[in-house]
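Trainee: For reference, the chains in residue letters:
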Amino acid sequence: MAVRKSGGRTDDYMKRIGFLLVAFIVFSSLSLPTASAQVPVRMRIIQASNVGRNIDPSLNDVHRELGSLFSFTSYRLLREENLRLSPNQPVTITAHPGRFMEVTLVELKREAAKLKIRVVREGKDILDTQVRLSPGRTVLIGGPRHGEGVVIYALSARY
Amino acid sequence: MKNSCSSVSTVLEKYFDQEVTGEEKFLVEGHLQDCPACRDALKSMEDLRTLMKVPVEEAVQKEDFPWVWQKIEREIRLQEKRTWWQSLRSWLDVTPLFRRKVWIPAVATAVVLLFFSTQTIFKKTPSYPDGSVVEYVQSQTDNVMVYQLEDPKVTVIWLFESPEEERTTT
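Chains as they are written, first to last, in this note's numbering: chain A, 1 to 159; chain B, 160 to 329.
FYI, nobody ran anything at the bench for these hints, they're computed from the structure.
All figures in this text were calculated on a predicted structure; none of them were measured in a lab.
Positions of the beta carbon are idealized from the N, C-alpha and C atoms, including for glycine.
One or more hints might be untrue.
Claimed, not checked - From the derived model, a few chain A residues whose C-beta atoms are all more than 10 Å from chain B: (1) 16; (2) 50; (3) 71; (4) 79; (5) 81; (6) 87; (7) 92; (8) 137; (9) 138; (10) 140; (11) 143.
To be verified - Restricting the straight-line Cα-Cα distance to at most 30 Å, the calculated cross-link-like pairs of lysine-lysine (BS3-like) are: (12) A:15 / B:212; (13) B:202 / B:173; (14) B:230 / B:184; (15) B:173 / B:230; (16) B:173 / B:184; (17) A:109 / B:212; (18) A:114 / B:312; (19) B:212 / B:230; (20) B:184 / A:116; (21) B:230 / B:202; (22) A:114 / A:124; (23) B:212 / B:202.
Said to hold, decoys possible - From chain A, some residues computed to sit far from chain B (all C-beta separations above 10 Å): (24) 51; (25) 82; (26) 89; (27) 127; (28) 130.
In isolation and in its complexed conformation, chain A is listed as follows (with noise of 0.2 Å):
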């Protein structure tokens, strides 16, 4: 009898134990890199050249980027592509014959998915660079010549 009640009082610090571990862990998982997450990455492939001056209405929200930063009269939407990025998984993406895009999530934290990119022609890598994308950024990849003009990879993360 008097150990069931004694049983009883340990029982209740117990749940206060394991009350604070809890708190303990959930403190610690919001701190910790969401390492198990995947990140939406949309990639717009662009073909940019100074034949016409048409721009892809679909490009309309990246016009003014554009616009500011280089002095092609055309942008035309060749490809688009919402990426769903695991950690240490390559996600290939071919864009002219050839010529390819490697894209892989190397590290993810709250305010920046760390990105690994390759774009590789005829077995060489033209481009090796990691960079940080947050959200509200854009990475523009460009230079390879595309038909008439030149071919830009737009990389926006979307969490």
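Since the structure of chain A is provided, determine the placement of chain B on it from the hints.
Mentor: Here is chain B on its own, set in the frame of chain A:
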């Protein structure tokens, strides 16, 4: 020297309660060897104690004193009107555990948790210059230029393809 029953009877109860001095003990035990009346008196005391002891012990075993004390403490706590802050502090107070053996596994758990949390907290993270987006950039074939704007928030990585490469890709 023989002692009279009257003189021994005054210390017999003390002897029974084991409160006599060595000298008194010697005196009583010497007398008891020769006095059946005092031996009977001592035996009566022992019988009486036995008669009282058994029911009292049974009653004590039936009664749950820790439970009674817990109820009393609870009632006292209820009567004391405490602020929410005091209640919270009391609820979070685990110091009574330190009076028990549970503090050993508790400390071990805390050490393990501390070890893993410090690994995370003090993990060396690279410090980037403020606003830096591009950590590194390299190309096996072409020149690369990087520039960055804060309004709008755009970072540009531009590849300058060599003329030979331009010819092959166009």
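Trainee: All hints are to be evaluated individually against the structure, with a verdict given for each.
Mentor: Against the structure, the hints come out as follows:
With a minimum CB-CB distance of about 6 Å to chain B, residue 16 of chain A fails to clear the 10 Å threshold, and the non-interface call is violated. With a closest Cβ-Cβ approach of about 14 Å to chain B, residue 50 of chain A is found to remain outside the 10 Å limit, as its non-interface label requires. Every beta carbon of chain B lies more than 10 Å from that of residue 71 of chain A, the smallest distance being close to 13 Å; the non-interface claim holds. For residue 79 of chain A, the condition that its CB be more than 10 Å from all CB atoms of chain B holds, with the nearest at approximately 17 Å.
Here residue 81 of chain A stays apart from chain B, with its beta-carbon at least about 18 Å from theirs, past the 10 Å limit. For residue 87 of chain A, the condition that its CB be more than 10 Å from all CB atoms of chain B holds, with the nearest at approximately 16 Å. Every CB of chain B lies more than 10 Å from the CB of residue 92 of chain A, the least distance being 18 Å, so the non-interface label holds. With a cut of 10 Å on Cβ distances, residue 137 of chain A falls inside the contact zone with chain B, its closest approach being about 4 Å.
Under the 10 Å C-beta cut-off, the non-interface status given to residue 138 of chain A relative to chain B is violated; the minimum distance is some 5 Å. With a least beta-carbon separation of about 5 Å from chain B, residue 140 of chain A fails to lie farther than 10 Å from that chain, contradicting its non-interface assignment. For residue 143 of chain A, the shortest C-beta to C-beta distance to chain B comes to about 3 Å, within the 10 Å cut-off, and the non-interface label is violated. For the proposed pair residue 15 of chain A and residue 212 of chain B, the alpha carbon gap of about 41 Å is over 30 Å, so the pair is violated.
For a cut-off of 30 Å, the pair hint linking residue 202 of chain B to residue 173 of chain B stands: about 14 Å separates their Cα positions. At most 30 Å may separate the alpha-carbon atoms for a hinted pair to count; residue 230 of chain B and residue 184 of chain B exceed this at roughly 46 Å. For a cut-off of 30 Å, the pair hint linking residue 173 of chain B to residue 230 of chain B is broken: about 39 Å separates their Cα positions. Taken as a hint, the residue 173 of chain B and residue 184 of chain B pair is honoured in the structure, with Cα atoms around 9 Å apart against an allowance of 30 Å.
Distance check on the hinted pair: residue 109 of chain A and residue 212 of chain B sit about 73 Å apart at the alpha-carbon level, beyond 30 Å; violated. Only pairs whose Cα atoms come within 30 Å are accepted, and residue 114 of chain A paired with residue 312 of chain B is accepted, the gap being roughly 16 Å. Distance restraint check for residue 212 of chain B and residue 230 of chain B: the Cα-Cα separation of roughly 27 Å lies within the 30 Å cut-off, and the hinted pair is therefore satisfied. Distance hint between residue 184 of chain B and residue 116 of chain A is unfulfilled; the C-alpha atoms sit about 96 Å from each other, more than 30 Å.
For the hint linking residue 230 of chain B to residue 202 of chain B, the alpha-carbon distance of about 42 Å lies beyond 30 Å, and the restraint is violated. At roughly 23 Å between alpha-carbon atoms, residue 114 of chain A and residue 124 of chain A fall within 30 Å of each other, so this suggested pair holds. Only pairs whose Cα atoms come within 30 Å are accepted, and residue 212 of chain B paired with residue 202 of chain B is accepted, the gap being roughly 15 Å. The claim that residue 51 of chain A lies off the interface holds: its Cβ sits roughly 13 Å from the closest Cβ of chain B, which is beyond the 10 Å cut-off.
Chain B leaves residue 82 of chain A outside its interface by the beta-carbon criterion, the shortest separation being 20 Å against a cut-off of 10 Å. Even its closest Cβ contact with chain B, about 20 Å, leaves residue 89 of chain A beyond 10 Å, as expected for a residue assigned away from the interface. Residue-level check failed: residue 127 of chain A sits 5 Å from the nearest beta carbon of chain B, not beyond 10 Å. With a closest Cβ-Cβ approach of about 4 Å to chain B, residue 130 of chain A is found to fall inside the 10 Å limit, against its non-interface label.
The structure shown violates the earlier hints numbered 1, 8, 9, 10, 11, 12, 14, 15, 17, 20, 21, 27 and 28.
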